[in-house]
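K.L.:
Each protein sequence line maps, in turn, to chains B and X. Going by this note's numbering, the first residue of the first sequence is number 2, and it counts up by one from there. Going by this note's numbering, the first residue of the second sequence is number 30, and it counts up by one from there.
I should point out that these hints are in silico values taken from the structure, not numbers from a laboratory. It is possible that part of the hints are untrue.
Far from chain B, by Cβ distances over 12 Å, these chain X residues were calculated [what the hints assert, rightly or not]: (1) W88; (2) P453; (3) L580; (4) N615.
No more than 16 Å apart at the CA atoms, straight line, and that leaves these computed lysine to aspartate or glutamate pairs for EDC-like [to be verified]: (5) K585/X to E552/X; (6) K411/X to E141/B; (7) K296/X to D517/X; (8) K411/X to E86/B; (9) K296/X to D229/X; (10) K296/X to E366/X.
Pairwise CB distance ranges, derived in the manner of DEER restraints [to be verified]: (11) L114/B to S576/X: 51 to 57 Å; (12) L477/X to G126/B: 52 to 58 Å; (13) L355/X to R65/B: 49 to 55 Å; (14) G126/B to G226/X: 20 to 26 Å; (15) L31/B to E405/X: 33 to 39 Å; (16) R594/X to W103/B: 46 to 52 Å; (17) L114/B to W58/X: 40 to 46 Å.
A quick note: this is a predicted structure, and the numbers were derived from the prediction, not measured. Ideal Cβ positions, reconstructed from N, Cα and C, are used throughout, including at glycine.
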Amino acid sequence: MIRLAVCLWLAMASFALALDPSEMLDDPVLEAQARELDHAMRCVVCQSESVASSNAQWAVDTRRVIREQVAAGQTNDQIMDFFVERYGEFVLMAPRTSGSNWLLWAAGPLMFLLAAGVGIGYVRGRSRAVQPATSTLNAEEAKRLREILKE
Amino acid sequence: MITELGHFALILAFVVAIVQTTVPLIGAWRRNPAWMAVAEPAATTQFFLIAFSFGALMWAFITSDFSLRLVVLNSHSAKPMLYKISGTWGNHEGSMLLWVLIVALFGATAAWFGNNLPPSLRARVLAVQGAIGLAFLAFILFTSNPFLRLAVPPFDGQDLNPLLQDPGLAFHPPFLYLGYVGLSMAFSFAVAALIEGRVDAAWGRWVRPWTLAAWVFLTIGIALGSWWAYYELGWGGFWFWDPVENASFMPWLLAAALLHSAIVVEKRESLKSWTILLAILAFGFSLIGTFIVRSGLLTSVHAFANDPERGVFILMIMGFFMGGALVLFAFRAGAMEARGVFGMVSRESALVANNLLLAVSCFVVFVGTMWPLVAEMFFDRKLSVGPPFFNMAFTPFMVLLGLIMPVGAMLPWKRASLTKAMRPLRYAFVLAIAIAGLAWAMQSGRSLIGPMGAFLGAWLVMGAAIDLASRTGQKFNAARLFRLPRADWGKSVAHAGLGVTMLGVAGLTSWQSEDIRVAQIGEGYEVGGYTITLDGVEEFEGPNFLSTMALITLSKDGQEIAQMRPEKRIYPVAQMPTTEAAIDYNLARDVYVVIGDAQANGGWAVRTYIKPLTNWIWIGCALMALGGFLSLSDRRFRVAVGARKAQPKPVPAE
Numbered sequence: 002m003i004r005l006a007v008c009l010w011l012a013m014a015s016f017a018l019a020l021d022p023s024e025m026l027d028d029p030v031l032e033a034q035a036r037e038l039d040h041a042m043r044c045v046v047c048q049s050e051s052v053a054s055s056n057a058q059w060a061v062d063t064r065r066v067i068r069e070q071v072a073a074g075q076t077n078d079q080i081m082d083f084f085v086e087r088y089g090e091f092v093l094m095a096p097r098t099s100g101s102n103w104l105l106w107a108a109g110p111l112m113f114l115l116a117a118g119v120g121i122g123y124v125r126g127r128s129r130a131v132q133p134a135t136s137t138l139n140a141e142e143a144k145r146l147r148e149i150l151k152e
Numbered sequence: 030m031i032t033e034l035g036h037f038a039l040i041l042a043f044v045v046a047i048v049q050t051t052v053p054l055i056g057a058w059r060r061n062p063a064w065m066a067v068a069e070p071a072a073t074t075q076f077f078l079i080a081f082s083f084g085a086l087m088w089a090f091i092t093s094d095f096s097l098r099l100v101v102l103n104s105h106s107a108k109p110m111l112y113k114i115s116g117t118w119g120n121h122e123g124s125m126l127l128w129v130l131i132v133a134l135f136g137a138t139a140a141w142f143g144n145n146l147p148p149s150l151r152a153r154v155l156a157v158q159g160a161i162g163l164a165f166l167a168f169i170l171f172t173s174n175p176f177l178r179l180a181v182p183p184f185d186g187q188d189l190n191p192l193l194q195d196p197g198l199a200f201h202p203p204f205l206y207l208g209y210v211g212l213s214m215a216f217s218f219a220v221a222a223l224i225e226g227r228v229d230a231a232w233g234r235w236v237r238p239w240t241l242a243a244w245v246f247l248t249i250g251i252a253l254g255s256w257w258a259y260y261e262l263g264w265g266g267f268w269f270w271d272p273v274e275n276a277s278f279m280p281w282l283l284a285a286a287l288l289h290s291a292i293v294v295e296k297r298e299s300l301k302s303w304t305i306l307l308a309i310l311a312f313g314f315s316l317i318g319t320f321i322v323r324s325g326l327l328t329s330v331h332a333f334a335n336d337p338e339r340g341v342f343i344l345m346i347m348g349f350f351m352g353g354a355l356v357l358f359a360f361r362a363g364a365m366e367a368r369g370v371f372g373m374v375s376r377e378s379a380l381v382a383n384n385l386l387l388a389v390s391c392f393v394v395f396v397g398t399m400w401p402l403v404a405e406m407f408f409d410r411k412l413s414v415g416p417p418f419f420n421m422a423f424t425p426f427m428v429l430l431g432l433i434m435p436v437g438a439m440l441p442w443k444r445a446s447l448t449k450a451m452r453p454l455r456y457a458f459v460l461a462i463a464i465a466g467l468a469w470a471m472q473s474g475r476s477l478i479g480p481m482g483a484f485l486g487a488w489l490v491m492g493a494a495i496d497l498a499s500r501t502g503q504k505f506n507a508a509r510l511f512r513l514p515r516a517d518w519g520k521s522v523a524h525a526g527l528g529v530t531m532l533g534v535a536g537l538t539s540w541q542s543e544d545i546r547v548a549q550i551g552e553g554y555e556v557g558g559y560t561i562t563l564d565g566v567e568e569f570e571g572p573n574f575l576s577t578m579a580l581i582t583l584s585k586d587g588q589e590i591a592q593m594r595p596e597k598r599i600y601p602v603a604q605m606p607t608t609e610a611a612i613d614y615n616l617a618r619d620v621y622v623v624i625g626d627a628q629a630n631g632g633w634a635v636r637t638y639i640k641p642l643t644n645w646i647w648i649g650c651a652l653m654a655l656g657g658f659l660s661l662s663d664r665r666f667r668v669a670v671g672a673r674k675a676q677p678k679p680v681p682a683e
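Just chain B, same shape as in the assembly (with noise of 0.2 Å):
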């Protein structure tokens, strides 16, 4: 678990933490936009942690861009192009629905109805099925089997 270690290590100098109240926007109902869009967006620097919790400077910048567009009255979804634009699709944090990531989102229920089927067919072969009369033990077996019931 060395989680942060990258970002922190790369915060040194500023060590800031996370979101500063300094960054902040004024209207409470703007900076809430802000915020879900700092939670929604991945830091390309550390790599596996939100913009809004990560400390790289890099995080930082976005988190000003954000509240910049925010308070001109863009939309999420054109903030998100805007930087799915530069930085590719990885910055988004939940993966589009578009193109082949269909597979993935549908990759769950798929293979839930697929699991299930057999799950079904499963259970309604054993119900059907006729228990087989005699046991498997051999002499050997059985031996040990009466040793251990004397116990």
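Position chain X relative to chain B; hints supplied.
P.N.:
Same frame as chain B, now just chain X:
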């Protein structure tokens, strides 16, 4: 000197592992008892050799022997003793040594306590276990030797990553490894059974204690890691769906599935080939986890010792064991004939549903973890898959699991009636709905997750209690309650634990509130009904760090609740800052305070979070682990295997 002995012991262990892998396997094949019997002393010897080797490495860390490269890179003379010791496994080489130590430990326990196993099965199990040890010993000796010396020892070391200098994290890796590696035992049993060509009720019983132990250790390891993340990382997240977290979570899910399917094998002699496959896959996912952490294939913050050469080596190990086991499975699975017959509604079918949901949710985690790789390789898209995906794709399966669990747990074997099984649960259901409604009415937002978590929590806890009570007979009998088998208690406690964890997760994710502001010294302000007052800020020097500490008073309605001391620290040797959040723990909520930077115009940045029900997440994990231990201590795992199953059957005439 001790270091060299440790190194030598490791090489000896390698040689012994070769013997342990080959001789008993040939012995079992040729039906030669003497050759088969080699397995036990070999397993014991291997364990003691590796234990000695590990002890030697730990000794080097304790005495700060800076002629050892590994100690220089990961330790420092000023470090507290606990972290000198935990430094032994806080790095790639040492953790691999711990890994094989545990492989050998599990092998040795099978040798020590496996007297009731048929000799050929036992020889084969130990041989497979020896092969796993052999592969990883080779990995250590050839690519990551912890015993390398430096020609010119420096005066002091480079210190352990300060984030790792924490009691919660000191024990996180050993528990995780006990879990990961514990699954190797289930794997060995599965492969041995495939070689043997036979899986029966007794096999199901043998494999269960080891799987259960592995699952309990994984539960503890994961919980420790998430608890550490919660209090150490400074914003109170407990799960990030990071590839490495997923790597530990997937074996956990599969181990839980295996645990349940092995019951069906034991009691009803069905689901045999599926159980074998699960045992193979569960350990496979452990290996994938090791591979992800150590190859740097996926971007993760956990990544340590990224080295392509090592990655390729682990990939080869994984390919060998998974490929070999799956090929064996393909050839032999047909021989595993199911015997039990059961109806569409029965305990068996409920356990099939349990396995289905756990396996599919594991699959979802797997796809989400691997998708960035797949998308880049095949679709030329560089993207990332984060928590929003997992929350959306994974949660529904857990909700379904929670919904059916109390019902499934109470269904009788073979043939059951749904209405009959649901009757005792109807009050629990109504009460759970009422609690969910109450949560819905009390919350301010329109989140569905909170009430759902409240429902599942209440439903699972009460369901588990009713299940336990119903075991005492038609009429509830309190005296008999404590005479029930420990396995019954274990089941109910673990099931209730899952409900408690679900409640905690839902409560935290849907009802937490956050406040970030500049606090002036002496001026109080209000967050979620609490008053936070920054009384002052102090600086002081710790044993190996410098700290800036805020003095904060937490109060409610003019009454002081707690003095809070959040810190930010700098570890000069490692050149790293950390945050030490101050948390006022409480069963209803945590108040979580973090101190930030001094502001240009006076005052300090202070972040406050109110986190409802958070502690229930880990209380639930503790309950699950406790349930596992209770089951593990059940009498029937200790008495001679096979005794119970035999009773209703006549001695066969052959």
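K.L.:
Run the distance test for K411/X versus E86/B: straight-line Cα separation, threshold 16 Å.
P.N.:
The given pair, whose Cα atoms are some 13 Å apart, holds under the 16 Å limit.
K.L.:
When you look at the beta carbon of W88/X, is every beta carbon of chain B farther off than 12 Å?
P.N.:
Its Cβ never comes within 12 Å of chain B, the nearest being 25 Å, so this holds.
K.L.:
Can the suggested window of 52 to 58 Å be confirmed for the beta-carbon pair L477/X and G126/B?
P.N.:
Violated: the Cβ-Cβ distance is about 38 Å, outside 52 to 58 Å.
K.L.:
Is the distance from the Cβ of R594/X to the Cβ of W103/B consistent with 46 to 52 Å?
P.N.:
holds, 50 Å
K.L.:
Do L114/B and S576/X keep their Cβ atoms within the hinted range of 51 to 57 Å?
P.N.:
holds, 55 Å
K.L.:
Are all beta-carbon distances from P453/X to chain B longer than 12 Å?
P.N.:
holds, 24 Å
K.L.:
Lying within 49 to 55 Å: is that true of the beta-carbon distance L355/X to R65/B?
P.N.:
The hint (49 to 55 Å, Cβ to Cβ) holds, given that L355/X and R65/B are roughly 52 Å apart.
K.L.:
Between the alpha carbons of K585/X and E552/X, is the straight-line distance 16 Å or under?
P.N.:
holds, 15 Å
K.L.:
Does the claim that L580/X lies off the interface hold, with its Cβ farther than 12 Å from every Cβ of chain B?
P.N.:
holds, 18 Å
K.L.:
Checking one constraint from the list: CA of K411/X to CA of E141/B, max 16 Å. Satisfied?
P.N.:
Roughly 61 Å between the alpha carbons, so the hint for K411/X and E141/B is violated.
K.L.:
Since N615/X was said not to touch the interface, does its Cβ keep a gap of more than 12 Å from each Cβ of chain B?
P.N.:
holds, 24 Å
K.L.:
If you check the beta carbons of G126/B and G226/X, does the distance land in 20 to 26 Å?
P.N.:
About 22 Å separates the Cβ atoms of G126/B and G226/X, which means 20 to 26 Å holds.
Comparing the model with each numbered hint stated earlier shows that hints 6 and 12 do not hold.
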